[in-house]
Amino acid sequence: MTYSVLTLILLLQWANVPLPNIPRTSDGKPNLTAPVPKTTDGKPDLTGIWRNPDGGYLENIARGGVQVPFQPWAETLYKQRQETFSKDRPSGRCLPHGVPDAMLVPATPFKFIQTPIVTLILFENQGRYRQVFTDGRGFPNEMQPTWLGYSIGRWDGDTFVVETKGFNDQTWLDDGGHPHTDAYHAIERFHRRDFGHMDLEITIDDPKAYTRPWQVTIPFEFFPDMELMESVCENERDTPHMIGK
Amino acid sequence: MLYAAVAVILLAQWVNVSLPNTPRTPDGKPNLDAPAPRSSDGKPDLSGIWRVADGRYLQNIAVDLGEAPFQPWAAALFKERADALGKGRPSQHCIPHGIPDSMLVRNSPFKLVQTPAVVVVLYEEFNHYRQIFTDGRSFPAEMSSSWFGYSIGKWEGDVFVAETAGFNDKSWLDDPGRPHTDALRVTERFRRTNFGRMEMQITFDDPKAYTKPWSATIPFTLLPDTELIESICENERDHGHIVGK
Chain Y
29 MTYSVLTLIL LLQWANVPLP NIPRTSDGKP NLTAPVPKTT DGKPDLTGIW
79 RNPDGGYLEN IARGGVQVPF QPWAETLYKQ RQETFSKDRP SGRCLPHGVP
129 DAMLVPATPF KFIQTPIVTL ILFENQGRYR QVFTDGRGFP NEMQPTWLGY
179 SIGRWDGDTF VVETKGFNDQ TWLDDGGHPH TDAYHAIERF HRRDFGHMDL
229 EITIDDPKAY TRPWQVTIPF EFFPDMELME SVCENERDTP HMIGK
Chain V
57 MLYAAVAVIL LAQWVNVSLP NTPRTPDGKP NLDAPAPRSS DGKPDLSGIW
107 RVADGRYLQN IAVDLGEAPF QPWAAALFKE RADALGKGRP SQHCIPHGIP
157 DSMLVRNSPF KLVQTPAVVV VLYEEFNHYR QIFTDGRSFP AEMSSSWFGY
207 SIGKWEGDVF VAETAGFNDK SWLDDPGRPH TDALRVTERF RRTNFGRMEM
257 QITFDDPKAY TKPWSATIPF TLLPDTELIE SICENERDHG HIVGK
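Those sequence lines, one after another, are chains Y and V.
With the working numbering, letter number 122 in the first sequence gets 150, and the count goes up by one each step, no holes.
With the working numbering, letter number 51 in the second sequence gets 107, and the count goes up by one each step, no holes.
If you are wondering where the hints come from, they were derived from the structure by calculation, not from laboratory data.
The beta-carbon is built from N, C-alpha and C at its ideal position, and this holds for glycine as well.
One-sided excerpt, in silico: chain Y residues whose CB lies under 8 angstroms from chain V:
#, residue
1, L47
2, G164
3, E262
Start from the sequences, fold in the hints, and give me the full structure.
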């Protein structure tokens, strides 16, 4: 018996909200090449709505010729997921996208809210969030494995560096199916280049799945004068006839 | 054929995190009777992890009144749901509790993060969030209906007042199933009485479902020196045999 799932995500129109604190050109449009805003303590302020407009990274985080140093079993699993068109990916069952792929879904932007003690990442996708703690705490001695891990942030000059551990082994790094294990340790370096552009360099350190740490760099664009919409993922349990097995 | 769902929520132990900015008694314990903290603009700072102090409200949001002033059809629908012991409520399918009942689950605290531009509610339950905008915007001209609605906040003295509209008609006001329609408007008045206590007076104005606006006053207590844990709800689709019809 097949229990197929149709994941319904309603994609609606984003509301137009003229926001304060957005630099504008003389014709009133957001000036995306204006300088990076700063917080009162002089750090770059990453607050705002961002998205990766290029779906290629969601399909394959290693696009553009990045050599992925798979362990053999991880390569086998990746190939298997590719051959089955990623039909088992967690987000197909309304389970979370992980780190970094929750930020890579072009249809669903995300919002940074930076405060002195915590930076929130609110995902439009599935209406979920991450907290990056900057209040001086360390990692807990014992961490319950989670989908989005436990994140601690610090500033390295103008770059916000986020270390995350405590993952379960269930998320995929991308929709294509690059796997990770519970040994996954992510180091994300966020650098806002100007008002409208931010780069993320992520290091994937997971010795159980990869023979060495590896990096990719992903660009994001600011999404001005908008607000996140609610996007609740509903397992449509009663429509197995609508899709094949 | 029955497609019964078991919503599995892993309840783990909250971590112990000694948080800065926590007033303490001489023995180092959090002093929950200390005055309410203030933000830099002099407003009370509601930030912190809160937990409903009285579990009865999840079972009956109208407990203060005895019963809600139902319209006849709403009374009939409520009786039907209550007779079925709340079976079929949205949270059983991993879709959101609404407003206010996301805040009423004693096992799942929530965190308020107050910034000048927005107050964010992070729910432990299902890793969902809600934003209450304080940047001067007003309600969008057209609101797509949603589970958590669209919320605008303002201060009235020391009381934070959040107005919410734009709801769908799918969430329930409490677990037994007091209903609402898409005409619902909610006014929440949050007052932090001291470091460890907060009270919310909530008024429901939904002329399609109730003959007049009605209110509840709900107490919350601060959960000090801890952090939210991730709580992802998973529809356990293969456990149809565990629950009956």
